[in-house]
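As a plain string of letters, each chain reads:
There are 2 protein chains.
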Amino acid sequence: MDRQPDDEAGLYDLVEQVRRIRALTAGGVFHTDLGPVTERLRRAADELEAASATPEERQAETWANRDYIRNCPVTGRGNPLSPPIEFDLLADGTMRGEVTLGLEYQGPPACVHGGVVALLFDAVLGRANFHAGHTGMTVYLDVDYRSPTPILEPLVITGRQVHRDGRKVWSEGALWTGDRLCATAEGFFVLPGDLLRENRRRLTGG
Amino acid sequence: MDRQPDDEAGLYDLVEQVRRIRALTAGGVFHTDLGPVTERLRRAADELEAASATPEERQAETWANRDYIRNCPVTGRGNPLSPPIEFDLLADGTMRGEVTLGLEYQGPPACVHGGVVALLFDAVLGRANFHAGHTGMTVYLDVDYRSPTPILEPLVITGRQVHRDGRKVWSEGALWTGDRLCATAEGFFVLPGDLLRENRRRLTGG
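Protein sequences appear in the order of chains H and S. Here the first sequence stands for residues 1 to 206, numbered as in the working numbering. Here the second sequence stands for residues 1 to 206, numbered as in the working numbering.
It is possible that part of the hints are untrue.
Remember, identical chains collapse to one label, so a pair may be satisfied in a single copy or spanning two.
Result set (DMTMM-like, lysine to aspartate or glutamate): computed pairs, CA atoms no more than 25 Å apart in a straight line [stated by the list, open to error]:
| hint | residue 1 | residue 2 |
| --- | --- | --- |
| 1 | 168 | 142 |
| 2 | 168 | 186 |
| 3 | 168 | 57 |
No lab work stands behind these hints, which were simulated from the structure alone.
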């Protein structure tokens, strides 16, 4: 039986199991022999590789329905890299997300990796731009780290578009734990030009 | 039988199977019913959760041996988030890594997510600092995106410490595909202070 392209639930359930395993491996210590469970994972990977569409077909799939969110490395329920974060759009146009990050996102002791903080900011600023009607490619992203961002504690991240001039967009973000400011970011974005339109056309055959 | 703390190979093999599955899910289309394979993954996750050490024990494990690299979200063979990248140290102190990123790292069509580019830079600058003898916490990270960074094509990323003044360190990086410059970065780092020393002491019981 083929998986239907609109069977999101099946894919999400599979990815959620990967996410559960992912959460255990950084600093992983298991009171069991990993051999048998690794063999079962190897057979699952063999089976999925044999049944998978080609990279080209999947690449087209990621853009055919402009279904960006589900594949995004930060927000995508279909992407095992993502925590995932779900964002809410506030009345003033601010995107606001809540997330608690596990050991796999650790950089310094008990802290979120600085690069992961930047990754989250690029995503939240991108989402804020999208909802403001002006999705853009990042031209620069400047992140200021003001205090350590903890793992295993609730974080709140916000992003907001602050200025637009034609194809140019400026956005700002902040990351908090409780009432402590952990980091801020400023991004400058330009609306997609010819290269991206060409990529999308090539990928979707449109 | 307990997994021995030094059985890295067992954990790496397990994580590699997760990575194979991870590589198929963004834009995932499978010519099979995902239900049975998802059930097998669910049982594997159940088993690993039941056998796992506590988060506190694992947190201590990530620092007990100062074994940062294997758990890092960018370089860690024991971390399913990482591609992973392996870096080489060049004679002039430059860290140089090569990597090809799959669909799960995609942002704009056919391009690496801008936040992932920032994540890679923070990691390579951190590694360059470590090898220069002055690991630091990121204070700021500024990334300039100069041309689209492609997925599914070989990338070269470099980082180098350019200046140090006491506990303060400045580093620079660049990301290329072939002879095209995709992005550059500048980072400012400060050597860990009391909070980090306290975190490490608490986590390792030292």
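Quiz prompt | Homomeric proximity label, residue 168 with residue 57: Cα distance no greater than 25 Å | solution = Neither: 32 Å inside a copy, 48 Å across copies.
Quiz item: Between the shortest in-copy and the shortest cross-copy C-alpha distance, which are at most 25 Å for residue 168 and residue 186: within, between, both, or neither?
Solution: both (14 Å within a copy, 23 Å between copies)
Quiz item: Should residue 168 paired with residue 142 be assigned to within, between, both, or neither, using CA atoms and 25 Å as the limit?
Solution: both (16 Å within a copy, 18 Å between copies)
In the structure shown, a violation is registered for the earlier hint numbered 3 alone.
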